[in-house]
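**Q** Below, each chain spelled out in residue letters.
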Amino acid sequence: MGDHGPGFEPDLDEGSIVARAQDGDLAAFEHLVLTYQYRLFRLAYRMLNDRGEAEDIVQETLTTSWRGLPMLADVDAFGGWIYRLATNKCLDLLRKRSSHAENIIDLEDMDTIAEAGCRAVSAALDPAQEAEWSAEQDGLTALLNALPPAQRACWLLREMHGRSYAEIGVTLKITPAAVRGTLARARHQIAEGMSQWR
Amino acid sequence: MALEDIPRLGCGRSIDRIWGTIDRPPTAHEEQCDQCQTARTRLRRLSKATRSLRESDLHNPTMEPRPGIKNAIMDVVRAKVRRGSRILLRSADNGTTEISEQALSSLIRSAAAAIPGVHSRRCRIEIRSAAASVADEDHPTGTTGTSTNAGPRLIINLRVAAAPGIVIPRTVEALRHEISNAIPASVGIGAGTVNITVEDLYDV
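For the protein sequence lines, the chains are E and F, in the order given.
Take the first sequence: its position 41, counting from 1, is numbered 41 in the working numbering, and each next residue is one higher.
In short: position in the second sequence from 1, add 1000, done, that's the working numbering.
Just chain E, with the same shape it has in the complex (with noise of 0.2 Å):
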């Protein structure tokens, strides 16, 4: 038996490794990082669009929860919590990024990115449907960026990830109504855009 105790049984529900994590069983720890690693990065590199920034912020986010881990009072409260720093720490840089400068993306990033989700999907399409999906994602994506951070954040929170409206409001620090507005503009702002791409 090594630093980590034995192995969990592979069934363990997630407030139980949450539970564990918070003993200090570095076995559940890992387990929840291989979790959300993963999460994490999608929303970071969707709020940043730059790799290196998103990794960062997955790396961060995960390490102060190992410190903060003891006080959680609800173990079904991991999830919506990880979610919330994250996506505080990027709101945080994106707010030291505009005093310098506007929003810089990354487009060798994008480019890679959009093409190798077109292949990711593309196996089940014809070049025809190819072509116009990738459109309409790289329209999408183009329009989420343009959209204010708060936003950005509230969009992909509900519609990426399927978080709660109260889980968001309490992220946004808005009430659950306030992010129900958000999200309406959000979607407004978009299918309006998106009616200009033909």
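Mixed in with the good hints there might be a few duds.
Just a few of them, taken from the derived set where beta-carbon distance is under 7 Å, the chain F residues facing chain E [what the hints assert, rightly or not]:
1) ILE1015
2) LEU1043
3) PRO1065
4) LYS1070
5) ILE1073
6) SER1105
Everything labelled a hint here was simulated from the structure, so no lab data went into it.
As the structure is a computational prediction, the values presented were derived from the model and not from experiment.
We put the beta carbon where it would ideally sit given N, CA and C, even for glycine.
Got chain E sorted already, so can you dock chain F onto it with the hints?
**A** Structure of chain F alone, referenced to chain E:
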């Protein structure tokens, strides 16, 4: 930000309401209203694009962090690992044996894994030290020889999640039994008191 901020069409319908019903057939009003029809078409297109972006991001290998990131995180974490207090197992002239609360918790959890229908969660271990359990006498710890019976008395507080539908008293008794056997077998001291709290039911 107030609810009134939700964008509305010229006909008074809110974007939110249309979004919520785009998968349903149009209402009588929507069939008549050009603005509603345009909005429905646009939002439906957005809904489709949203779904395909979500799917492609999920399966797109470039939307993953570099592979080394987990290890980088675990390296930082390992350096700050919490082991809790240390428990004196045995004290003799030739040296002492201690175990960390963390290691003892691992033992308890691994014993608990043998009982189906419970997932162990947090574990707190209180120790009544060897000196205190031998009572008032004023002999210093470490001079009481090699007897394992004079070791510390443990109070184990284990919280668990249970599978819905199990018989809790019977399962918890089996769990207590398992822990009470595992501790002396591994570390040579009695398990003392084993308090078990079922704090949650997990989904199966």
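**Q** Go through the hint on PRO1065/F and say holds or violated, using the shortest Cβ distance to chain E against 7 Å.
**A** Check passed: Cβ of PRO1065/F comes within 4 Å of chain E, closer than 7 Å.
**Q** Is the shortest C-beta separation between LYS1070/F and chain E less than 7 Å?
**A** 5 Å, holds
**Q** With a cut-off of 7 Å on the beta carbons, see whether SER1105/F makes it to chain E.
**A** 6 Å, holds
**Q** Given LEU1043/F as an interface hint, is the shortest Cβ-Cβ distance to chain E below 7 Å?
**A** Status holds, d = 5 Å.
**Q** Could you check if ILE1073/F really has its C-beta closer than 7 Å to a C-beta on chain E?
**A** 5 Å, holds
**Q** Any CB of chain E closer than 7 Å to the CB of ILE1015/F?
**A** 5 Å, holds
Checked against the numbered hints given earlier, this structure breaks none of them.
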